[in-house]
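Student: What follows is the residue order along each chain.
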Amino acid sequence: MAILIGGAMVSTETFFSSCKSDAKEAFFTKEDISLLDEIGETIIPATASSPGAKAAKIGEFIKIYVTDCYSPADQQTFFEAISHVKNSSQKKYGKGFLKLTIAQRQDVLTELEKGKPATVTNNTKPLAGSGDAIQTGKSDEAKNKLKDTPNRYFSMLKELTLLGYFTSEPGATKALRYVETPGYYKGNVPYVKGDKAWAT
Amino acid sequence: MGNINSKGIDQNTFDAIVIGSGISGGWAAKELCEKGLKTLVLERGRDVKHLVDYPTMAKDPWDFPHRNHLTLKMKEENPIASKCYAFREDAMHFFVKDKEHPYVQEKPFDWIRGYQVGGKSLIWARQTQRWSKYDFEGPARDGFAVDWPIRYEDIAPWYSHVEKFVGISGNKDGLDTLPDGEFLPPWEMNIVEKAVQKQIMQNYPDRKVIIGRCAHLTQPKEIHLQQERGKCQARNLCQRGCPFGGYFSSNSSTLPWAAKTGNLTLRPDSVVHSIIYDEKKEKATGVRVIDAQTKNVTEYFAKIIFVNAAALNTNLILLNSISSRFPNGLGNDHGLLGKYVAFQNYRGTLSAKIDGFLDSYYYGRRPCAVMMPNFRNVHKQETDFLRGYMVFFSAYRSRGNITGPEQMGEAFKEAKSEAGSWQISMMMQGETIPKETNQVSLSKDQKDQWGIPLLSISVDYDDNDEKSLKDFLTQGAEMLDKSGCKEITTNDSKQAPGLDIHEVGGVRMGKDPKTSLLNKWNQLHACPNVFITDGACMTSTGTQNPSITFMALTARAATYAVNELKKGNL
Chain A
0 MAILIGGAMV
10 STETFFSSCK
20 SDAKEAFFTK
30 EDISLLDEIG
40 ETIIPATASS
50 PGAKAAKIGE
60 FIKIYVTDCY
70 SPADQQTFFE
80 AISHVKNSSQ
90 KKYGKGFLKL
100 TIAQRQDVLT
110 ELEKGKPATV
120 TNNTKPLAGS
130 GDAIQTGKSD
140 EAKNKLKDTP
150 NRYFSMLKEL
160 TLLGYFTSEP
170 GATKALRYVE
180 TPGYYKGNVP
190 YVKGDKAWAT
Chain B
0 MGNINSKGID
10 QNTFDAIVIG
20 SGISGGWAAK
30 ELCEKGLKTL
40 VLERGRDVKH
50 LVDYPTMAKD
60 PWDFPHRNHL
70 TLKMKEENPI
80 ASKCYAFRED
90 AMHFFVKDKE
100 HPYVQEKPFD
110 WIRGYQVGGK
120 SLIWARQTQR
130 WSKYDFEGPA
140 RDGFAVDWPI
150 RYEDIAPWYS
160 HVEKFVGISG
170 NKDGLDTLPD
180 GEFLPPWEMN
190 IVEKAVQKQI
200 MQNYPDRKVI
210 IGRCAHLTQP
220 KEIHLQQERG
230 KCQARNLCQR
240 GCPFGGYFSS
250 NSSTLPWAAK
260 TGNLTLRPDS
270 VVHSIIYDEK
280 KEKATGVRVI
290 DAQTKNVTEY
300 FAKIIFVNAA
310 ALNTNLILLN
320 SISSRFPNGL
330 GNDHGLLGKY
340 VAFQNYRGTL
350 SAKIDGFLDS
360 YYYGRRPCAV
370 MMPNFRNVHK
380 QETDFLRGYM
390 VFFSAYRSRG
400 NITGPEQMGE
410 AFKEAKSEAG
420 SWQISMMMQG
430 ETIPKETNQV
440 SLSKDQKDQW
450 GIPLLSISVD
460 YDDNDEKSLK
470 DFLTQGAEML
480 DKSGCKEITT
490 NDSKQAPGLD
500 IHEVGGVRMG
510 KDPKTSLLNK
520 WNQLHACPNV
530 FITDGACMTS
540 TGTQNPSITF
550 MALTARAATY
560 AVNELKKGNL
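Taken in order, these protein sequences are the chains called A and B. In terms of numbering that gives the first Met the number 0, the first sequence opens at residue 0 and continues consecutively. In terms of numbering that gives the first Met the number 0, the second sequence opens at residue 0 and continues consecutively.
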């Protein structure tokens with residue numbers, strides 16, 4: 000597999016000898032949070048109009064989310080992804096990810112991303128006020144696809160970044176339009192390409 | 000059993016007792032208190048006061064540690080409740096903790112409960128439609144269940160009565176399959192919904208596509224201002240409790256109104272063990288209550304009792320109300336109590352995409368969808384299954400799904416921040432046929448922490464449900480296809496009954512005491528000072544969201560009860 004670049008593949012047993020969540024939280028050192036901040040910032044950088052994932056404290060969010068919401072299998076995938084990023088930086092550039100230039104970071108993540116596209120996102124939004132959210136039943140199917148494609152590592156990091164960023168205060172209020180209390184509903188307002196989407 | 004409070008019988012005596020403070024119990028309380036009855040409302044859960052007890056109502060997405068996603072712990076601790084779409088960080092405190100409220104699943108059934116003052120009226124989906132004459136005529140015409148003892152004409156004035164107070168938004172569509180109500184201005188459809196509506200109605204002249212009808216104040220009237228409720232702000236965060244009182248709940252509306260009369264006594268933390276039947280007087284005289292916290296037992300007395308504990312809980316209470324007159328549960332002379340429980344079929348969904356319309360967007364978060372009243376077997380039996388289904392659908396723009404080759408960086412971020420292409424989601428709300436074999440009963444050996452037998456639920460889908468589901472998926476796909484949609488996918492969630500949260504029956508209304516438990520006024524045939532007006536009373540399920548019908552039946556029965564009391568008949 001092209002993704003398994005040399006260097007020590009960190010054994011999953013290290014992380015899963017105990018299944019207690021505090022063992023996994025302990026894995027998230029300050030350095031790991033910083034790494035996740037920078038991975039996130041590479042995916043969603045600061046731009047002229049809005050801050051990036053780092054300002055949204057994406058590393059901290061990912062720590063909480065992976066610890067509390069991910070199944071053990073997905074947690075394993077996540078830790079493998081982080082290892083790959085670390086190993087790839089060293090192998091290719093002889094430095095840690097944090098010391099790479101933006102172009103080099105993108106390169107490391109792009110290599111992680113190469114492979115068959117993973118169609119994991121469940122695009123279906125809950126049916127507004129119909130009576131129940133629609134369960135497409137696709138999430139299991141999607142998860143299996145996630146497991147089988149080589150770039151599941153990048154997909155996972157990307158999805159975590161997107162979720163954490165666009166529900167964060169800077170993301171929702173600056174990159175998107177967040178209207179806490181709309182006041183009314185209008186079915187048809189003009190939209191021009193480039194207009195920001197509603198945050199919620 | 001703990002101490003029985005035999006002193007102070009006077010202070011425990013009321014004109015009326017209402018069991019349950021949810022969407023129908025709140026209405027019983029309002030009507031009875033308004034008519035001058037000293038009314039005790041018993042709620043098994045904790046108090047939840049409007050505004051004061053809505054801890055998440057003003058929170059932003061980033062205020063939730065998991066951004067309103069479920070954690071593994073939530074799912075582990077609440078395997079049933081966490082299946083409900085509304086069970087998230089922002090509203091899970093309005094659901095029961097599964098561990099505290101076990102029940103027996105003889106067959107898979109996801110029983111979703113909200114035990115607090117206001118019950119599920121805090122977290123309901125607020126969709127409201129009147130039954131039509133076709134719905135009341137269904138059992139008699141198609142030969143299932145028993146004939147309803149009432150018809151649309153009997154309940155129509157009561158729909159009007161409750162709709163005005165509740166505040167119902169809707170459009171006067173002039174359809175006999177879904178009668179118009181007392182409406183506040185309707186919500187709008189977006190451009191794609193209008194396009195699909197036009198196509199469907201052109202391609203299928205007998206099928207109607209209309210805007211949803213819901214319990215939201217699009218334009219408060221004087222009566223709503225008197226309730227201190229204001230205009231719905233299109234936030235669609237209703238399950239948290241609303242700072243504006245924009246949607247209807249017992250907490251924002253009927254309970255404070257009842258309290259204003261000075262006739263209401265509300266007792267939270269009151270688990271009802273049983274209804275007390277006096278063999279000599281040949282009537283129910285009161286209710287046995289176990290305090291939820293202290294487990295002390297207290298008896299309360301009243302001339303009339305309304306049982307509004309929610310469909311299956313009401314069944315449980317009646318089954319547990321044993322006396323020598325009623326060894327099988329209060330009113331249960333013919334073994335029917337707990338039987339003919341039914342639900343609504345929610346298994347089918349579709350999703351689709353549609354090109355174009357990229358220069359249009361919507362503003363605000365509309366609290367209802369577009370709907371299609373049932374178009375199957377309306378005037379006569381036409382398909383290979385009985386009855387039909389309501390269809391709901393909505394169109395929306397997925398955020399950021401139009402991206403280029405980049406998977407990270409500035410251009411990627413910009414693309415992800417834009418409104419994407421249009422998608423459509425469609426679901427069914429299918430009528431199911433009540434059957435004797437779908438039933439609830441008391442566990443013979445297991446009890447809850449209050450010493451009350453666990454409810455044992457044996458409810459399942461049948462062949463009619465499978466055929467109805469199949470028809471919905473076929474018709475849905477065809478309609479979307481003819482409307483210019485593509486990538487249409489159909490799905491059977493295979494969910495257990497229960498997640499519809501529209502379970503009804505077990506104490507059905509009917510003309511004949513041998514084949515029903517309640518008469519046309521929702522009185523137990525065999526114990527007329529006990530009224531059941533929550534979902535338990537339903538003889539059939541219809542395709543409509545049921546709560547507005549519960550409210551109308553309650554207001555009607557409460558008015559009747561008070562008149563009977565005044566005449567000395569109760």
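Honestly, the hints are just simulated from the structure, not real lab data. Remember, predicted model here, so these are calculated numbers, not experimental data. One thing to keep in mind: the hints can contain errors.
Said to hold, decoys possible - Below 27 Å or equal to it, Euclidean Cα-Cα: the simulated DSS-like pairs (lysine-lysine) are: (1) B:K193 <-> A:K192; (2) A:K56 <-> B:K58; (3) A:K195 <-> B:K132; (4) A:K29 <-> A:K62; (5) B:K58 <-> A:K192; (6) B:K280 <-> A:K29; (7) B:K171 <-> A:K56; (8) B:K58 <-> A:K173; (9) B:K510 <-> B:K466; (10) A:K185 <-> B:K48; (11) A:K192 <-> B:K352; (12) B:K82 <-> A:K62; (13) B:K132 <-> A:K185; (14) B:K469 <-> A:K185; (15) A:K195 <-> B:K74; (16) B:K163 <-> A:K195; (17) B:K485 <-> A:K185; (18) B:K230 <-> A:K62; (19) A:K185 <-> B:K379; (20) B:K58 <-> A:K62; (21) B:K74 <-> A:K185; (22) B:K352 <-> A:K195; (23) B:K132 <-> B:K48; (24) A:K62 <-> B:K466; (25) B:K58 <-> B:K48; (26) A:K185 <-> B:K193; (27) A:K185 <-> B:K519; (28) A:K185 <-> B:K82; (29) B:K280 <-> B:K510; (30) B:K352 <-> A:K185.
Student: Within 27 Å, alpha carbon to alpha carbon, are K195 of chain A and K74 of chain B?
Tutor: 34 Å, violated
Student: Sort out whether K62 of chain A lies within 27 Å of K82 of chain B, counting only the CA atoms.
Tutor: Holds - the C-alpha atoms of K62 of chain A and K82 of chain B are around 25 Å apart, at most 27 Å.
Student: Does K195 of chain A lie within 27 Å of K352 of chain B when you go C-alpha to C-alpha?
Tutor: 21 Å, holds
Student: Is K193 of chain B within 27 Å of K192 of chain A, Cα to Cα?
Tutor: 22 Å, holds
Student: For the pair supplied as a hint, K230 of chain B and K62 of chain A, confirm whether the alpha-carbon distance does not exceed 27 Å.
Tutor: 40 Å, violated
Student: Straight-line Cα separation of K185 of chain A and K82 of chain B no greater than 27 Å?
Tutor: 32 Å, violated
Student: Check whether the Cα positions of K132 of chain B and K48 of chain B lie no farther apart than 27 Å.
Tutor: 38 Å, violated
Student: Straight-line Cα separation of K352 of chain B and K185 of chain A no greater than 27 Å?
Tutor: 22 Å, holds
Student: Given the hint that K58 of chain B pairs with K48 of chain B, does the C-alpha gap stay at or below 27 Å?
Tutor: Measuring from Cα to Cα gives roughly 18 Å; hence the hint holds.
Student: Keeping to a limit of 27 Å between CA atoms, is the pair of K163 of chain B and K195 of chain A held or broken?
Tutor: Given that 27 Å is the threshold and the Cα spacing comes to 39 Å, the pair is violated.
Student: Can you confirm whether the C-alpha distance between K62 of chain A and K466 of chain B stays at or below 27 Å?
Tutor: The given pair, whose Cα atoms are some 46 Å apart, is violated under the 27 Å limit.
Student: Taking 27 Å as the top limit, are the C-alpha atoms of K171 of chain B and K56 of chain A close enough?
Tutor: Roughly 50 Å between the alpha carbons, so the hint for K171 of chain B and K56 of chain A is violated.
Of the numbered hints listed earlier, those contradicted by the structure are 3, 5, 6, 7, 9, 10, 13, 14, 15, 16, 18, 19, 21, 23, 24, 27 and 28.
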